[in-house]
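*Asks:* Each chain, written out:
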Amino acid sequence: EVQLVESGGGLVKPGGSLRLSCAASGFTFSSYNMNWVRQAPGKGLEWVSSITNDNYIYYADSVKGRFTISRDNTKNSLYLQMNSLRAEDTAVYYCARSEGGFTFWGQGTPVTVSS
Amino acid sequence: TVVTQEPSFSVSPGGTVTLTCGLSSGSVSTTNYPTWYHQTPGQAPRTLIYSTSARSSGVPDRFSGSILGNKAALTITGAQADDESDYYCALHMGSGIWVFGGGTKLTVL
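Quick note, the sequences are listed as chains A and B, same order.
The working numbering puts the first sequence at residues 637 to 751.
The working numbering puts the second sequence at residues 125 to 233.
In case anyone wonders, no lab produced these hints; they're calculated from the structure.
Mixed in with the good hints, there may be bad ones.
[As the list claims (entries may be wrong)] Below, computed lysine-lysine pairings styled on PhoX-like, alpha-carbon distance capped at 25 angstroms: (1) A:K679 with A:K711; (2) B:K229 with A:K700; (3) A:K679 with B:K229; (4) B:K229 with B:K195; (5) A:K649 with A:K700; (6) A:K679 with A:K700.
[To be verified] Every beta carbon over 10 angstroms from chain A, so not counted as near; a handful from chain B, in silico: (7) T159; (8) S175; (9) S180; (10) P184; (11) G202; (12) D206; (13) E208; (14) A214; (15) V223; (16) V232.
Note that the Cβ used here is the ideal one computed from N, Cα and C, for glycine as well.
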């Protein structure tokens with residue numbers, strides 16, 4: 637069974653940092669492109685970042701220079717290092733596997749940026 | 125570039141509805157890999173359709189994806205009460221960039 641389990645969310649002050657993790661199981665993690673998508677409270681979905689199976693990396697303009705996506709295929713894990721956090725980064729962050737679109741999602745981890 | 129969706133739509137039980145996903149400038153094509161998701165409050169999104177028309181595992185064939193004119197389309201036939209949900213599309217804009225539409229709130233009544 638395919639599973640994606642996010643962790644690492646929480647409350648952080650503006651300007652602070654957090655590292656999100658996504659543990660994958662039930663599929664060959666190294667073969668897939670992986671992504672982070674977020675959803676602010678009461679808002680729609682927003683693509684954040686992608687990393688391909690051969691480590692090409694892409695970011696939304698809203699997080700470029702502040703967030704860093706990475707993966708560890710030996711641990712079947714995806715990460716999102718978030719620095720210089722702002723109030724507008726408050727959202728549920730979802731890990732998603734992609735193949736011609738986001739085809740499988742985790743349950744998400746909430747991030748709140750507030751003083 | 126903005127991805128456009130109808131803010132809301134309603135359908136009668138047993139009816140057919142087509143939701144669309146367009147671009148503020150230009151036409152949607154298969155090279156945008158249109159993808160459709162639905163989401164109920166408090167839940168994670170679930171993928172319905174990817175790569176324009178491929179149905180995700182476990183999705184009933186009441187859901188179908190296509191290109192209609194210059195937009196991507198999601199058609200739901202035989203609408204059921206539990207189809208009431210928010211529906212989002214996403215388009216690949218090239219250079220690894222994805223953009224979501226603002227979502228359509230579907231009411232079944």
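*Asks:* Does each hint hold? Answer for all of them.
*Replies:* To see whether the hints hold, each was checked on the structure:
| no. | hint | result |
| --- | --- | --- |
| 1 | A:K679 with A:K711 | violated (33 angstroms) |
| 2 | B:K229 with A:K700 | violated (30 angstroms) |
| 3 | A:K679 with B:K229 | holds (12 angstroms) |
| 4 | B:K229 with B:K195 | holds (18 angstroms) |
| 5 | A:K649 with A:K700 | holds (20 angstroms) |
| 6 | A:K679 with A:K700 | holds (21 angstroms) |
| 7 | T159 | violated (3 angstroms) |
| 8 | S175 | violated (4 angstroms) |
| 9 | S180 | violated (6 angstroms) |
| 10 | P184 | holds (17 angstroms) |
| 11 | G202 | holds (24 angstroms) |
| 12 | D206 | holds (19 angstroms) |
| 13 | E208 | holds (17 angstroms) |
| 14 | A214 | violated (7 angstroms) |
| 15 | V223 | violated (7 angstroms) |
| 16 | V232 | holds (20 angstroms) |
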